[in-house]
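Construct the complete structure from the given sequences, taking the supplied hints into account.
Here's the letter readout for the chains.
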Amino acid sequence: MEKQNLKGWLYLLPALLFLGAFLIYPLIDVFIYSFEEGYNSASQTFFGTGSYNYSYVLHDTYFLQALKNTFILVIITVPVSTGLALLISVALSSIKPLQELFQTVFFLPYVTNTLAVGLVFMILFKKTPYSDGLVNLLIHFFGGSSVDFIEGPYWAKMFVLCFYTVWVVMPFKILILTSALAGVNPVYYNAARVDGTGRIRMFFKITLPMISPMLFYLVITGFIGAFKAYSDAVALFGTNLNAAGMNTIVGYVYDMLYRDSGGYPSYASAAAIILFAIVLTITCINLLVSKKHVHYH
Amino acid sequence: MKIVLSHLTKKFPGRGRGAKKKEDVTAVNDFTFEIPDGRLVGLLGPSGCGKSTTLNLICGLQKPTEGQIFFDEEDVTPLTPQKRGVGMVFQNYALYPHLNVEQNIRFPLENLKGADKLSKEEMRARVEEAAGLVQIGDLLDRKPAELSGGQQQRVAIARALVKLPRVLLLDEPLSNLDARLRLQTREEIRRIQKKTAITTIFVTHDQDEAMSISDLIVVMKDGLVHQIGKPQEVYDDPANLFVAKFLGTPPINLFEGRVEKGSLFIGEEAVLTLKDIPDQPVHVGIRPEGFILSENGSFTCRLSRPEVMGRDVSIVSTHPASQNPVIRSIVDAESCEHLSGDNVCFLLKPRKVFLFDQTTGTRIPFETA
Ligand SMILES: Nc1ncnc2c1ncn2[C@@H]1O[C@H](COP(=O)(O)OP(=O)(O)O)[C@@H](O)[C@H]1O
Ligand SMILES: [Mg+2]
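So the protein lines, in turn, are chains A and B.
Per our numbering, residue 4 is the first one in the first sequence, and the count goes up by one each step.
Per our numbering, residue 2 is the first one in the second sequence, and the count goes up by one each step.
Because the hints were derived from the structure by calculation, they are not lab data.
Please note that a few of the clues may not be correct.
Said to hold, decoys possible - Simulated coverage check for chain B against chain A, where a stretch passes if three residues somewhere in it have a Cβ under 8 angstroms from a Cβ of chain A:
{"hint": "1", "segment": "84-95"}
{"hint": "2", "segment": "109-120"}
Unchecked claim - In silico SDA-like cross-links for lysine to any residue, where the CA-CA straight-line distance does not exceed 25 angstroms:
{"hint": "3", "chain 1": "A", "residue 1": "294", "chain 2": "B", "residue 2": "101"}
{"hint": "4", "chain 1": "B", "residue 1": "144", "chain 2": "A", "residue 2": "207"}
{"hint": "5", "chain 1": "A", "residue 1": "99", "chain 2": "B", "residue 2": "80"}
{"hint": "6", "chain 1": "A", "residue 1": "295", "chain 2": "B", "residue 2": "112"}
{"hint": "7", "chain 1": "B", "residue 1": "64", "chain 2": "A", "residue 2": "193"}
{"hint": "8", "chain 1": "B", "residue 1": "84", "chain 2": "A", "residue 2": "97"}
{"hint": "9", "chain 1": "B", "residue 1": "12", "chain 2": "A", "residue 2": "188"}
{"hint": "10", "chain 1": "A", "residue 1": "294", "chain 2": "B", "residue 2": "145"}
{"hint": "11", "chain 1": "B", "residue 1": "64", "chain 2": "A", "residue 2": "202"}
{"hint": "12", "chain 1": "A", "residue 1": "294", "chain 2": "B", "residue 2": "92"}
{"hint": "13", "chain 1": "B", "residue 1": "144", "chain 2": "A", "residue 2": "297"}
{"hint": "14", "chain 1": "B", "residue 1": "144", "chain 2": "A", "residue 2": "186"}
{"hint": "15", "chain 1": "A", "residue 1": "295", "chain 2": "B", "residue 2": "366"}
Said to hold, decoys possible - Here are a few chain A residues that face chain B, going by a calculated C-beta distance under 8 angstroms:
{"hint": "16", "residue": "194"}
{"hint": "17", "residue": "199"}
{"hint": "18", "residue": "204"}
The model shown is predicted, which means the values in this text are computed figures rather than measured ones.
Even glycine gets a Cβ: it sits at the ideal position worked out from N, Cα and C.
Right, here's the structure in full:
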């Protein structure tokens with residue numbers, strides 16, 4: 004028995020070493036940094052320990068802006084992208100002709116470079132003194148007045164960021180959900196039809212529970228991904244996100260690390276730990292909720 | 002309620018390659034028969050003969066290529082499965098894995114709308130009644146994965162019965178059970194069917210199963226109905242070679258034979274004298290119970306061994322004209338006490354001997370002189 008255990012641990016050792024070196028150790032390190040006040044990476048010195056870094060970060064208007072942006076992004080894009088992906092997947096799996104073509108079309112954004120897509124979005128939404136983007140032309144067409152989505156009001160920029168994020172994460176979700184839907188044994192639908200079940204009830208009582216593990220997986224990874232959003236904002240608004248008022252938490256951490264040649268690793272660490280705590284909390288809540296609503300079989 | 006099938010046909014588009022490409026598969030070919038009210042009908046045939054397709058047509062999951070289905074006088078052919086009021090037990094039961102037994106059984110009731118809508122208490126009562134009928138009242142809180150095959154099957158039956166269907170369809174309901182449970186469950190199905198008096202169609206490829214519980218059996222092969230009748234009648238009076246071969250355990254013994262000058266010859270021996278039959282080569286089928294041991298019997302076989310099975314003895318022998326490797330004949334234990342030597346001689350019971358046309362396999366009726 005003892006020997007068996009030892010063997011088991013031995014097999015796990017390489018993975019544990021890796022995780023320890025590249026995951027656990029940095030995490031602990033960041034945690035320690037976040038309590039070292041005034042750390043200087045050049046001289047590797049610090050003044051003292053305490054919670055001042057957290058206090059600074061939590062009072063920094065840039066951080067609060069980033070926090071707000073991130074939360075808005077998460078709260079809007081995760082439900083919208085998952086819901087839309089579900090809708091499209093259901094539609095896709097109920098049409099037979101050209102199904103594969105549509106699947107490919109919906110998957111294309113996934114294999115396209117984020118920055119390239121960002122550029123296209125910028126062109127679509129941008130407004131310059133000389134020309135309107137395509138979206139503004141459309142708004143004009145319907146009788147509205149043009150809006151600068153890239154350098155204009157906050158809500159417009161937020162709209163583009165959310166739109167873009169949904170656009171980028173959707174293909175993967177559609178892919179996962181179409182295969183989840185295809186994996187539901189048709190015999191359940193047959194049984195339900197013979198039992199007189201209507202389409203809507205069939206969807207909520209059979210389809211949804213059957214694909215709930217996949218849906219749950221998408222929601223959890225969606226939350227985590229959205230909380231870690233950064234490159235999307237850069238693609239749309241450039242690297243000076245604080246100035247644009249469109250920074251995210253990860254963007255803030257990044258800025259803190261590299262801004263002003265050398266930066267403020269302590270503040271960055273504190274912000275990173277705050278993000279970690281948020282993601283952990285949300286994931287735990289997700290897991291608790293899933294206990295009731297996700298059916299593994 | 003009686004079910005009437007009228008020229009019911011179902012073709013599937015061919016999927017083969019090359020020359021076979023365009024050829025449709027006719028899974029159900031021109032079925033016309035009536036299933037009387039309140040009876041249990043066994044749909045019997047080898048795998049792939051179109052049994053499941055027939056059930057799917059009756060419950061509406063598939064649309065017929067041609068023909069109609071009537072429930073009593075009502076033409077249900079254009080109705081969706083939702084509207085037909087049929088209860089169905091699928092081969093793998095199709096219990097919803099995320100719902101417990103009670104929720105599974107209640108599921109069809111929750112679909113009822115309008116005037117049929119039930120209150121919570123009524124549903125509860127109906128679920129308990131159905132669960133009681135199949136004796137799973139104490140399993141209501143379990144998930145399907147926590148049940149044995151037999152229990153799952155009972156849940157499936159309860160779910161099919163709970164909405165008091167006009168018709169109950171069972172697609173190979175016993176094939177996933179072990180032998181003992183199969184025997185027990187088929188009695189159970191018979192009991193429940195008798196009690197509820199719901200017109201029931203029971204699909205199986207096991208002739209034993211079909212014979213033992215059906216009021217009526219429909220023997221089919223390759224999408225065609227070969228014979229319909231009471232089990233005993235079909236057994237005693239098979240319409241053709243296929244039906245004769247398909248029914249009975251041990252199976253019927255088959256021989257190459259010929260009719261010559263009013264006698265039936267198997268090998269060189271004349272075994273029966275026949276009236277008014279033209280000379281022709283025939284297949285001869287003899288039921289295992291159609292042999293009588295007799296020293297002056299005219300049919301001589303090479304004795305392999307007797308197998309004692311309690312009251313009866315099964316004599317295993319061989320014959321050059323036999324189409325099977327061995328011949329099995331079942332005789333009284335007493336009559337074979339003096340069984341010895343290399344050969345056994347039999348007299349044949351004419352009613353247990355069937356003649357079939359060598360090319361078409363249709364039965365050739367005969368009378369003995
Ligand atoms: N959906 C389908 N598409 C094409 N051919 C089918 C389909 N369903 C059944 N068949 C064919 O129809 C025939 C009868 O099938 P089935 O009714 O399932 O037989 P059984 O239930 O008696 O075993 C088989 O040859 C099968 O290959
Ligand atoms: Mg079948």
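* Would you list, in rising numerical order, the hints stated earlier that this structure does not obey? => 12, 15
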